[in-house]
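*Asks:* Produce the entire structure from the sequences given, and follow the hints as far as they go.
The letter at position 4 of the sequence shown is residue -6 when you use our numbering, and the numbering goes up by one with no holes.
These are computed hints drawn from the structure, not numbers from a lab. Incorrect hints may appear among the rest.
DSBU-like, lysine-lysine: derived pairs with alpha carbons at most 35 Å apart [as the list claims (entries may be wrong)]:
#1 12 <-> 149
#2 104 <-> 56
#3 56 <-> 180
#4 104 <-> 151
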Amino acid sequence: MDRNTTMKEYNFEYTDTNYILKIFGITALIFACLMILTFIFIKSLGVIIALIISFSIPILFFWVKKRGFRKEGSAIIQDSFTDLNLSTFNRRVDFNGIQNYQIENFEGTKLRIKFKDSREFKILANSNFCDPLGFDIYCKSLDEVLRKYNDANANEIIKEKSFFERKWVLPVLLILTATSLLSIIYAIIKGVSVPVILFGTLAILLPLWVGYFNATKNKK
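*Replies:* Structural data, given as structure tokens:
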């Protein structure tokens, strides 16, 4: 195999997870402080005004800071390494140092790489905060190059299964979905009100099914 004969540049958006955690923490702290303050002055403010202040200010703060969750990056892939040029860090990843990697496709795309020295790093493009399409294209290309690298190097890099590729996921989804639907049908037949929790369960299961089918499609 000729080394480093193939090169392509990819531009993408990704999510700054450290910044998100920081903003979530500050938002929670603001909310807690406002709850305490409004509770102290609740008699003069009134319950409605106190609740509006306690919830609206943290939500407004989070909404303003949300713009910073989206970062831009680029990468090139060659036969034996990939160079990542991100807003938060730059890194060259040599394939001979990789122990395993994982690509998850759920509400965006996540790449996790673990090295032979036990270090690892993750990059996430969350569809709630950025456009994950460019990063998804990069991950698919990287996956293809790593497969070719493995073919030439006795399969030394392990590709870990994503959550939706695990064998137990489909049976669990089928059981939960069937149980929820049958419970709703039973309640309708009996003429009783359908518990709200069942609709909530279906609302949670729907994106999980989408994630499962996307993982199945990508596997093919």
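*Asks:* Hint by hint, note whether the structure agrees.
*Replies:* Results of checking the hints against the structure:
1. 12 <-> 149: 31 Å, holds
2. 104 <-> 56: 29 Å, holds
3. 56 <-> 180: Distance ~46 Å between residue 56 and residue 180 Cα, so the pair is violated.
4. 104 <-> 151: Answer holds: residue 104 to residue 151 is near 14 Å, not above 35 Å.
Of the hints listed earlier, the one the structure fails to meet is number 3.
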